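Going down the list, the protein sequences come from chains A and B.
No gaps in the numbering here: position 198 of the first sequence is 197 in numbering that gives the first Met the number 0, and each next residue is one more.
No gaps in the numbering here: position 361 of the second sequence is 360 in numbering that gives the first Met the number 0, and each next residue is one more.
Hints in this document: simulated from the structure, not taken from any laboratory.
Warning: the hint list may mix true and false statements.
Stated by the list, open to error - Here are the simulated PhoX-like cross-link-like pairs (lysine-lysine), alpha carbons at most 25 Å apart as the crow flies:
hint, chain 1, residue 1, chain 2, residue 2
1, A, Lys85, B, Lys375
2, B, Lys312, A, Lys58
3, B, Lys312, A, Lys85
4, A, Lys85, B, Lys362
5, A, Lys81, A, Lys10
Since the structure is predicted, the reported quantities are computational estimates derived from the model, not experimental observations.
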Amino acid sequence: MADVTLTVDGKKITAPAGTLLIDACRKAGIEIPAFCYYPGLSLQAACRMCVVRIEKIPKLQTACTTPVAEGMIVATDTDEIKQSRKAMLQLVLANHPLDCPVCDAGGECELQDMTFKYGAADSNFVDVKNHREEQQWSPVVYFDRPRCILCYRCVRVCGEGMDVWALGVQNRGVSSVIAPNGGDHLDCEECGMCIDICPVGALTSDTYRYKTRPWEMTHVSTICTHCGDGCKTTLGLRSSSDGMEIIRGDNRDKSGINGDFLCVKGRYAFDFANHKDRLTQPLLRNAEGKLVPASWEEALTFAGQRLHEIRDTRGGEQIGVIGSNRATNEESYLLQKFARSVLGTNNIDHHRTADYVSFAKALAGQEQRAASLREAETAPAILLIGGDPTEQHPMLAWNLRTNVRHNRARIYVVNHQEIKLRRQATSFLKISAENYSAFTRFLAGEENSIFGAEATALRETLATEPNLLVIFGSELRGAAIEALVRYGLSLPDTKFACLGDYVNSRGAADMGLYPDMLPGYVPVQQPGAFATEYGERFPAAPGLDLPSMLDVAARGNLAALYVVGSNPVHRYGVAAASLKNTFLIVQDMFLTETALLADVVLPIANLYEKAGTVTNTYGDLQLVRKAADRAGVRTDLELIVRLADTMGADVHALVPFGQGTRADMGQSRGAQSGEADRHAVWLAAQNLEPKLSPFDPSALLDEIQRLIPSYSFSRLELFAGNDQHVQATSKNNALVQISNLSQRPDGVLPSMDTLFTSGTMGRYSSKLTEVHDSRNKEILVAAN
Amino acid sequence: MPTLVSHPEEVKIVSSRFGKGATDIERYIELDGYQAARTAVEKGADWVIAEMKTSGLRGRGGAGFPTGMKWSFVPKQSEKPKYVLVNGDESEPGTCKDHLIFLHDPHTVIEGTIIAGLAIGAKMGFIYLRGEYRYLLEIMEKAIADAYAKGFLGKGIFGSQIDFDIISHTGAGAYEVGEESALMESLEGKRGIPRIKPPFPAVVGLYGGPTVINNAETIATVPHVLRMGGEAYAKIGSERNGGTRLFCLSGHVERPGVYELPMGYNLKKMIYEIGGGIRGGRQLKAVVPGGSSTPVLLPNEIDIGMDFDQVGKAGSMLGSGGVVVLDETVCMVEFALRTIKFYQHESCGWCIPCREGTDWLKKTLTRFHAGAGVAKDIDNIRYLAENMLGRTFCPLGDAAAMPTIAFVKKFRQEFEDHLNGKPCAYAKQKMQESVLV
Ligand SMILES: Cc1cc2nc3c(=O)[nH]c(=O)nc-3n(C[C@H](O)[C@H](O)[C@H](O)COP(=O)(O)O)c2cc1C
Ligand code: SF4
Ligand code: SF4
Ligand code: SF4
Ligand code: SF4
Ligand code: FES
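Extracted from the complex, chain B is given alone in its bound form (with noise of 0.2 Å):
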């Protein structure tokens, strides 16, 4: 189990359970646990996503979309079933949130997902967990099956006359079948590629029912969100940004760690007061502000505050809330590449401009980095990017092309060091531990 961290400045919500056996179904209850899905099965619907509406929850996903109002869009008649789907696929690198929920307190996704259930009207929730978690489901497992035994889920949960059911699966290891319909598709035990949009999952989902899928934080904010009343949520983070998240702080930091910390928190101050600063008294190369498809912010603008708007002003992105601290050892061609390797390498291959772009992209990258680069290839570098940009089939193409484009632009320099046979600059220097965590 990963060492837990901590910071006074923290505020500890959806990770309040972390450390203290609410794995256990009675330790979790001691703890709070469920009484927020009984009050929702007891004020109904309308009164849960009103909660959600007022607690300025967004998405946790990446997106930042505002919970309460993607659950409202979910038709209330349908034929066909309607489903809850938890996105526990987490595989943005720098990203690693997910992995101690449902290492810590699998029971608040189950309750969330309840609730969620409860508000659009489904009778049944999946929980996907990412394919290299396989040895989460375990303890998945277990808590939903400890949650049936308690009358929690299956017919009549707590009593009532509702219904709700939870399975949980996992991927195969596909960083793309983290896109929503690429894990509807994968649920459904197809290839793990993306559906046209519209239709929209929230009305045509998995199998073709309306479906509302959430990130696992996002699902675990939920009960907290309503046993504190949506207004109290909202007021602890920024303007139209309610609440705390869970932020992956990563690389030449001090401390490393998950920090949950309010909405709008401080760039420059997560990683120097939480983080405890760059590593050995170095220099701050560069941040990557929210998971590695996120364009990078130079030193001088992290003086932001972390929210979904305040981050975009910047140029960048919230994204999935991996924080990657880079110091003055990088080599910022050596980073584009190893970014792009994991986009090549995760790219589903269904549309032509990521399928192509991200694998060309990694073979000039490769070689210019190994010193054989010529001039042209910087500006084709650009290109290849800017060409995918906004013109792929879903957005892992962007996501391989906007780091890109920053990387060009904000470090050319760099990539002009490594023209005519000179050697990377960094080789020497280099650490022995991987620029990712």
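Excised from the complex, chain A in its bound form (with noise of 0.2 Å):
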């Protein structure tokens, strides 16, 4: 829209017609005090903060409801406007707790800034405040009705953000009140949004009221363990009796990808980390047969010498490796390499949760197919075939609502099941589980209809929308995928995302966690320059994937399985005795079916508790920063490093870190910090050589980017926390030919996490299990 130029405080300002008053002044620098206003939902004018004069109208006007206009005259700072905020001030503490000394926005409260700033410190008033008791709405939400401002933030961001509609006014007058829809309880989501956007402490997470003082806590901001979204985090943290403690999750400053946005699993399911079951010693079988504690000493030794010696005898062929879906792209990076470098296998794989391989393999010579998160809110037009967003998703249900609500986006939905998503949808078909292959044939042109009108209909309609983002859940696989990728390339500018469940799973894929692919999906039998890279002991043809792994080991013929934040005797519903003549190596946070039938069990870090670097299933890479600290755990990477090192590995050759300089294996906490990787990037800056210890992340980072053409991005803004989008090929990278491995059946295992679950992980949040039981409880007394 053309530009309108006004004068705000004698300052000529201009921004886009249309835009709102207050908007325009904030980017102009012009402070403008709001409550009740919030970018991107809907308008308010009740706290009438943001009052204006303008001239030639009588009254004082209202800066969050009125749009610019060419040749406006305005005045934000006057004495009366600063008395009319003063007085509105006085107001709302008139009936106002004050509480602020016990209060968890204390020192984060709006109110309390505003205070400071107008001057509403004196009082008049002498009659007693109006008072109601604090309620528990849920197993997370608290609120405290005295300290409400009624600025309707919550509810706007319930219903329009969330489509949860969960709260609303009651009564009217000096008595309305927030109140919830289940009379006196929430049935809802839990994402916490409201308590996160209450400017005052009326809405208090069960998580986090009465525990700290924001001051107190130490602020970090990563990347949300959970979902394949990967949403930007800050946790507040305070020191424990052994290490770092988290007790806060949000992302007020709206940095990084997701905005404020934040699920019930990234705000509160971190308290997994404090789980009493968790190990924080290595533990070796005994002589009974009993998991007994021991020292790191032993333990790496012991699990060294055994691998060392069965990959002699027994060949690497005899030994698997399981990699992570939430660990860092440095890890996953690191194991394979180790795996095929240092045990001599490609008998590697991980828990697959989206078909990747298939999806590079499609878009192979495309350049800037694969669309970022972001492009969810902005996309004129979303085709969405499977999945469930809401469930597995939920920034992405986030981003598609926003985008409907603010640009009038349209989404066509796809699915076997009636998702949420389809309220907000331009259209929903419903098609049967079994036809998404046959659907997307169809939209290819390469199949005779089986499908209705609506079906054809829809196809028509799409066939008009330039710039549509094709967003595919994992129902499709493999050829089903080729053929929507091939549909959708007939199209103008069309985008892809394919949807993978955990934190990494996509990282897992980009770097190779793969029998027969390499990182950034190169076939093992076309190696190029990782022939040379990997060494000699790198084995020429592809290896076994995870089921395959697992068979073999039944039969017996499994000598080692090194498994890595994984749980695949649970996941793959593995018989106890089928593992008994492998030598198991397991890396787990938790004594899990799979660490129960260990040899050696070595306690590990979280994504919380190191650095490093993600990718989210849309291929945006953030940086995780060390949040966390736990004593007695250590990283992935170390660990890998570590049995490298016992096994008379090279660990230069394994970890590229500061060439020249001599390994320190005493220094493995400084460099987790991340502060390392700052600093080296300063020294590289400044032609000085870095000094690394073989656990920096970066070192691995550094590897990676060398190898991996579509991993090419600004280590700067990468740094600096801004996500950076890679795309899932290269126009360089030419996938050749992927083996048969990759389709079978059960290659890919979707998750089928909900809201309230998170994989094995989630089983041991305290707090998603409480709200996952609440809701069942709930769901089960509406049954009957």
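Fit chain to chain and form the complex, with the hints in mind.
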């Protein structure tokens, strides 16, 4: 829209026509106070804090509802306006409990800040304040009515933002009160957005309330460890007896890919870190067959020696490695490099939740076709086939809803279930679960329709949508993905997104946790540069995939299995006896079903306790910073390096750290803080040689960027905390051939997580479990 | 049924059929009913709007906006359906005129609604009755059914090609839904809170369609205007204030009641001649000229013509036509308290200044009147009200602030007299009946 010019406090400013005065002022550096106005949500004009004087209009006007106009003359800081704002604050404060010293919001409260600024410190009121007791509405949400200033942000974020509509206003006048949909409790998605957006301490969370003062926490921004969307989160940390404990997660500064959004998992499911069952000591199986605590020295030496021995006696092909969906890119990269170059095996895989290989194959030679998560908020039209973003990709669902609300985006949903996002959809087509493949062929025009007129109409409509964003769930695999991509590429400027389940599922795939694919989806049979990079132990033939490794183990032919941050025994329903002839090393946080069978268990740090990078399912690469800390655990990265070291491998060849510098194996902790990373960037920029330790993930990132062409991005941007979009493939990455191994029907096993579950780890989050159970109870009650 | 009053000075137009059994449609037709609507159907929208503009009829809901002009704001073309709303939420203390219209002459409301619909090109009208007027709904609904039966409503009204429907509905007991946009929210089944303006109802109103909303008396006047002709109607009133209006004379007068008088009628005369003077020969203390939200006038300020402009000049407002007369026995602090109690109770609570302001005014005045006031309270009351004025979301906040400011300003001494633990001097001689009718 055309720009208009107006005068604010004597200053000429320009803004696009239609911009709200409050936004135009703020952009020009003129502060307008506001409680009820919240960018992106509907207008309320309820708090009257934003009043300004506009020439020729008799009354003060609310800047939050007035669009800018050409020649408008506005005053925002006259005595009259200051007085008005002060009076509003006095009125709010009159009924406010002023329990700031104990209030969660104290120190981060918008009411405190405004009072400080507008000086409503004096009051002439002598009568008694209205009071109501605090209420608990759900396992996470508490409401303290007296603190509520009725800005209605919570109501709107829940309704408009979340499409949950669990909050409303009850009564009228001074008795007006925010009320939950269940009468006395909430029946909702427990996202905590309402708590986060509350300008005061009226809504508080069970995990944080009365725990600390904000300024007594350390704040570290990192990435949520749960789903494949990879939201940025700022963790609030406090030192505890055995490390640094996370007590809060939010993204209030709106930086990063997710703005202020976090779902229940990102916001509250970090307590698994402090679960009483958390492993903090290595375990070794003793002569009686029991797992008993051991020292790190003992455990690592024993594991390394056994691996060494097995490799040398039975060969690398008798060793299997299973990687993680929740480890960093650096760790996954290192793990497969370790498997191929040290263990001498291609038997490496991970629990696949999406068929990224077929996706990469279909996009081979294409550029800029994989969409960032950000594009879900801007694309004019979206075709969503399969998947249930509301449950499995809450951030994506948020972006899609926002896009519809703000830009009237058109969403075309094709699904076998009546997913919630159909409420925002332009059209919803239900197909049966077996028909996804046929549907993609139908779209591609390669099969006569077994679908009705509705499907044909949809195909015709889609043909008129340029810039279509095609998002597909794990229902689509192999040929279906290829057909869909073929179809999409026949339309102008289509982009794609493949939905996988965990925080670094995409990273695990990109980093080559496959028996037949090297990092960057390079086939093992055509290793190119990797042949020399990975040395002479690197086998030429593809290895075994995960289900095959388990089969081979069951037949007694897998001598060793190294499982890093994965629980295949539970996930694939493996019988305990089938691993009895396999030397099993498990790195995990908990004594999972898999760890219970291990010969060596190594306790590890989780994503919140280490540094590195992760790639979300859309290919957005982000920086993971070390936030929490727990005595007794080590990162996967460190353990892989140490295992290699005890096996006598050349650590320098494995991790390209500090060329020419001697490895200092003692420095693990400092390196993990991320401080070394930043220091290194600076050193490199000064043409000085970074002195890194082998546990420094950025040394591995160097190698990743060197060897995976699609991982070219700005390191500076990354370290500044910005997400960097990487493509599944790049032009010079020609996929020649995919082995048939990737096409096994059980090759992709979706996690089937809901909003309230998160794989094995979710079970150790007490808060998530509590929410999950209380929801189930409610469903039971409703059913009865 | 309330007894009807009468006075020779009255000019009965809207009230001309009161007490004549006009709820019966045949009787209504006999009394020239539905003629105006029929003529309007014949002559068309432009003629109607022109007559309305000439008549100088100004909205009887309180703000006095010229009705013809309001109708002309509605866009001719609209994608969404247009609507006519009849505001019968009548809740302003001191006002009880619309009630009589519904009770005695429901068909004029229907007829006026049809004409308004015709003028703006709407096919549907809603008659919204105050929640507490639930018992009038029966009368209204019977009248609507009878009009349908006669072919005055429904498909092809009066044998023309025009369709028009009317639905009547009641509120749930909230003063605030008398505010036009809150009424629309309420009618749509939502919480009765006002909407952000602009857009104004004429452009985006009920269900998002262009909407004309008028007070019940305004609408009931419309058929009479067309019958008499705009010019003749205009002549009855004062300058820029056409016609007559129903004045609800209440309080301490000898003959309280609803009287129809020409616009611009002298207030003093209204009290002393029409109302028969102050009851029991007592002294006049104050007059609230246009419903409880209008600033109080002192005895020396009442020699004015009762029209929108002259009362405005006197520092108050003509408002909804509720004239409340207070004699010397009234404690003005208590009266201020009673007034604010109403607004505190009726504030919808949406915006800070009105929600909190009315409540703190009530708390302060309650304590103050009970004898526990402190000196700074008086200034604080005024400070509160002044900081509400003009800063609230909708005019309800102003309606609470304006009279309060006037009470403190004009009766400060009475407030001072309540200080230092002194009991209210009026408590003893307090009359049995409540101050507000
Ligand atoms: C708080 C408040 C209450 C109101 N109550 C009524 C009412 O009960 N009846 C009414 O006709 N207008 C009422 N109004 C005025 C309406 O908003 C509107 O101006 C009126 O219905 C327009 O009709 P008119 O142009 O015929 O006067 C109220 C306004 C406010 C701010
Ligand atoms: S937690 Fe989320 S879903 Fe629940 S009420 Fe708050 S905003 Fe709504
Ligand atoms: S609870 Fe918080 S966000 Fe909700 S209305 Fe009250 S102050 Fe605003
Ligand atoms: S949407 Fe996914 S990444 Fe974001 S907070 Fe939730 S679980 Fe974490
Ligand atoms: S002034 Fe505000 S609180 Fe009062 S009735 Fe209007 S919108 Fe509601
Ligand atoms: S920010 Fe404008 S009224 Fe609240």
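Going back to the hint list, which numbers does this structure go against? 3
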